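Fit chain G to the supplied structure of chain Y, relying on the hints for placement.
If you read the protein sequences in the order shown, they are chains Y and G. Number 228 in the numbering used here belongs to position 228 of the first sequence; there are no gaps in the numbering. Number 757 in the numbering used here belongs to position 68 of the second sequence; there are no gaps in the numbering.
Simulated from the structure, these hints should not be mistaken for lab results. Some clues are possibly wrong.
Said to hold, decoys possible - Computed footprint of chain G on chain Y; a stretch qualifies when at least three of its residues, placed anywhere within it, have a C-beta under 8 Å from a C-beta of chain G:
| no. | segment |
| --- | --- |
| 1 | 2–13 |
| 2 | 31–37 |
Stated by the list, open to error - With a cut-off of at most 25 Å between alpha-carbon atoms, the simulated PhoX-like pairs for lysine-lysine come out as follows:
| no. | chain 1 | residue 1 | chain 2 | residue 2 |
| --- | --- | --- | --- | --- |
| 3 | Y | Lys166 | G | Lys738 |
| 4 | Y | Lys118 | G | Lys744 |
| 5 | G | Lys768 | Y | Lys319 |
| 6 | Y | Lys219 | G | Lys743 |
| 7 | G | Lys768 | Y | Lys219 |
| 8 | Y | Lys319 | G | Lys743 |
| 9 | G | Lys744 | Y | Lys319 |
| 10 | Y | Lys551 | G | Lys742 |
| 11 | G | Lys742 | Y | Lys319 |
| 12 | Y | Lys551 | G | Lys743 |
| 13 | Y | Lys551 | G | Lys744 |
| 14 | G | Lys738 | Y | Lys551 |
Said to hold, decoys possible - Far from chain G, some chain Y residues (derived; all Cβ distances over 10 Å):
| no. | residue |
| --- | --- |
| 15 | Arg113 |
| 16 | Leu147 |
| 17 | Ala176 |
| 18 | Gly215 |
| 19 | Thr239 |
| 20 | Arg262 |
| 21 | Asp267 |
| 22 | Lys386 |
| 23 | Gly454 |
| 24 | Trp468 |
| 25 | Ile624 |
| 26 | Lys627 |
| 27 | Asp661 |
Note that the coordinates shown come from a computational prediction; the quantities given were computed from them, not determined experimentally. Ideal placement from N, C-alpha and C gives every residue a C-beta, glycine not left out.
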Amino acid sequence: MIRFFLHGLPALLIVAIAVAFLNETRLSSDKKNEMTIGSIAEPSMLNPIQQADSAASDVGSMIFNGLLKYNADLEITTDLAKSFTLSQHTTIFFDDPKTVPGAMGKLFFMRGRWADWKLTDVRQDGSSLVLTFSEPGMAASQEIMGLFDAKTVVPAPIIRVDLEGKAAETLKAWRATETGAKAVRDWVESDAAFEITVVGDPAPVVKDLQDFLAGRSQKGTVAAGDVLPFLAEPIVDFTLRDDVRWHDGAPFTSADVVFTYRAIMDDAVASPRKPDFLYIQAVETPDPHTVRVVYRKPYSPALQSWMIGLLPSHLLESKSPEWWAQNFNRNPIGTGPFKFSEWKTNEYVRLVRNPDYFDAPGPWLDSMVYRVLSDQLSLRLAFETKQIDFWGVDPWAVSEFQKDKRFDLFSYPSSSYSYVGWNLKRPIFQDERVRRALAHAVNVPEMIKYILYGYGVQSTGIFLPQMWFFNPDVKPIPYDVEKARQLLAEAGWKPGSDGVLTKDGQRFTFTIITNNGTEVRRDIATLIQDNFRQIGIEVKIELYEWAVFLKNFINKGDFDAMVLGWALGPDYDQYQIWHSSQNNPEQLNVVGYKNPEVDKLLVDIRQEYNRDKIIEMAGKLQSIIYKDQPYLFLFVPQATSVLWKDSYRIRRPDGKGGWIDSPVEMTKAGWSYYSEWFYRPEYADKLPR
Amino acid sequence: MLNFIIRRLAISVVLAFLISLISFFIITLTPGSPYPWGELNPKITPQVKEAFKKKFHLDRPLIEQYWLNMRDLFNGNLKSIKDDRPVLQKIGERLPATISLNVLAAVISLSFGLALGVYAAKHAGKTPDLLTSILAFIFIAMPGFWISYLIVIGLVRFTDVPILGTQSYGVFFPNAASMWLDRFWHIALPAVVLSIGGIAVQSRFIRASMIETLREDYIRTARAKGLEPDTVFFKHALRNSIRPLITGIGGLLPGLIGGSVIIETIFAYPGLGRLGYEAVLERDYPTLVAINFIVAALILIGNLISDVLYAVVDPRVRLE
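Looking at chain Y on its own, in the form it has when it is part of the complex (with noise of 0.2 Å):
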């Protein structure tokens, strides 16, 4: 007994681990027709209106879709959606109804500019003028209201109230009342808020609402906010696909479309994705395969928030959000081409073939698994030993990879960039001179050389690369020390006895604060430093943790200089970053940019819904901000993927009933953009059909 334990488990236990390993190496190398994608993160649940990680939307997308999509080139288009089409509601108010026809006369007179105008209908509605336009759109219901004398149109004030809850119930009370139906439109924003559009002088209905909640003793408060001209409501009509089934077989009808709106607004659902939202006014369902949705304003990004994937109302409506944390998040039913199958926590998602898929025949991989793995080091592992079948690769390993025959590299730009922000209220940088001989002064190439190892382009403002409305004619302004002396000296700027420039008494000195832990950021720091001590400004770098960073310097805007990124989405709405009012504490605009052409700019763009038009706005946003340079614009990182050589081929439709077979290729949105059509080809003669 004794002796078995000293001679016979310790063998034992050598000889297990030597079959287990010989078992390993003889593990055939045919692979199963499945993808593995390897993540150091875990999707923290599969819900695509709750989740918030990039972990999750990966995983999401090949099991939800979306009403809309981005394409190849990162622009929109239909997915569950048949076809969508814009129009827009414009209602003016007058103080008369008599004055209405008279109005309309005007309009019908002036037939010849309806085309210009894209208006498309014109009525009478009691004492207000409901005009139709098949574009949405501020521009041409302003010009129309300038025909009509500005004393008999009546403006349509908001009125605001916050409550400490239950605010659908009180308003549907105060709906019933004499005053409440004359509001001409409400919105419950959350069960603590909604807000009223009346006609007229506001000061009443506030009075008569403060009253109302007194009487009912509710605490709240109420305030009279913006007075629109008249109301302006877009219209988005989606036709369903009405070959879609869920993953349990049930349709796909516009009663989820419904529902994920309905759900996104709920307060206990606590939606992350909210405030992309918050424009709505209402959607309506005429029929199964029709959605209606209104819009409170014109905000053409809206639109985007349509891609966010649709949950099943069939499965969820009837159950709690504590519900669907146990049961759905983990284990959801979608549209997509992919089956959600099984979850092992911090092991892998595990997703199937979705034989009924609307794009028949349904993807060709039998499956698709999402391994967990710890960090980037386990990741290259797992991909050398063809555990996982691509790897994102850092910048530094590039080159090793590059050299090797077995592998196939694709680069592309990632949806970020880095900068280095000058604190606008601090006097030094106010000159614009000034920031053009920094910018002058600063060697990009050579960053992107040794902090990228190559892999990056050099930013030439706030849009990145690779979208439709980046302007490719705003050129970088070139490493040139000689021009940035020259700038400076104009400036008033002159060398002091110690080599640091100085003026009236001043020397150029300043800090320059970033957050501790990203190398990429502190290197930034450390060869501006070096590039400026050549032109005679002397610079300290400071690093901090990023809470301390974010609470004490960024969100305070107390620093001279700082070092930052943004990751951005294909979204030309830059509102939050640049405007001006955007720079009180914890906001965007934490430079202090300010100006006024911008300003108009940046909210004319987020009305305008033609894609010429705002390609033309982006293009003058993205060049006048270069040229006032807020920032030091420096690089768009590279991302680089490497793939075992022809590990995968692409078979896809070609949207007229073929298929395009390719080997995996580039697109704006990445090389994995068309991954739902992939195949081993191995497999290519046992493709279903």
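For chain G alone, kept in the frame of chain Y given last:
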């Protein structure tokens, strides 16, 4: 004895709470926030942030947060910030992987430790003893993460055998035996690494204990009455020297459940240690509170079991 156990249990309960309270404060001192969407996200409104904070009590003072978390832990209602699932369920999911890894590691370290220790004691003062001593010191000196990386990178460089996780991906298994061997292989590697320190320490304990026992009078008596040297060694001496091994079992308990952060991370092994590690990175305070409390309690219980076993194995020891 019963008195002793009750008194120790009472002290342990207080201690476990104190440990978890202090560790909660230390965790919340680390910079960073538990928000899943990051700090600088233009799309997140203050209302959404407030609703989130309220849901997880993050708007309360720290001491109140701790109290609410502990209350929910005992109610079974404690939810992870990351995915809104009950923390106890998340911990429960990891237990099979953690326990199987650590049981195998314990078996390896006890069996090899015992064998090496006995071998060294049998040849005390001669070359084999010297060699095993050197081996033990090398094992003790090598940090676990270092030896793990050596094994992992060496295997990847010279073979193309899968190593990470709990199974191989994308391959067909010819039969069920092959599949189970694959699972075993994925547990065996981290278990070997985990047990290396244990082998060294156990073998030193056993060797010292054996040598001490061999000097006892009753061993001399046994030899003097002409018993087989092997019988004396394996029956009389070994049985009496095995005490440190048995009492060491109590110390295995926290590792058995708590797992090992570093080894599990290197081998991408889905155990409880990695759950804790990821909860730290995500500032998932409720999960951390639960894990800290459970591990603290297990360490205290483990100590208690060691003491009790000591008394059970050796009747000369009395617990007061």
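Compare the structure with the hints numbered earlier in the document and write down the numbers of the violated ones, lowest to highest. Of the numbered hints, 4, 7, 21 and 22 do not hold.
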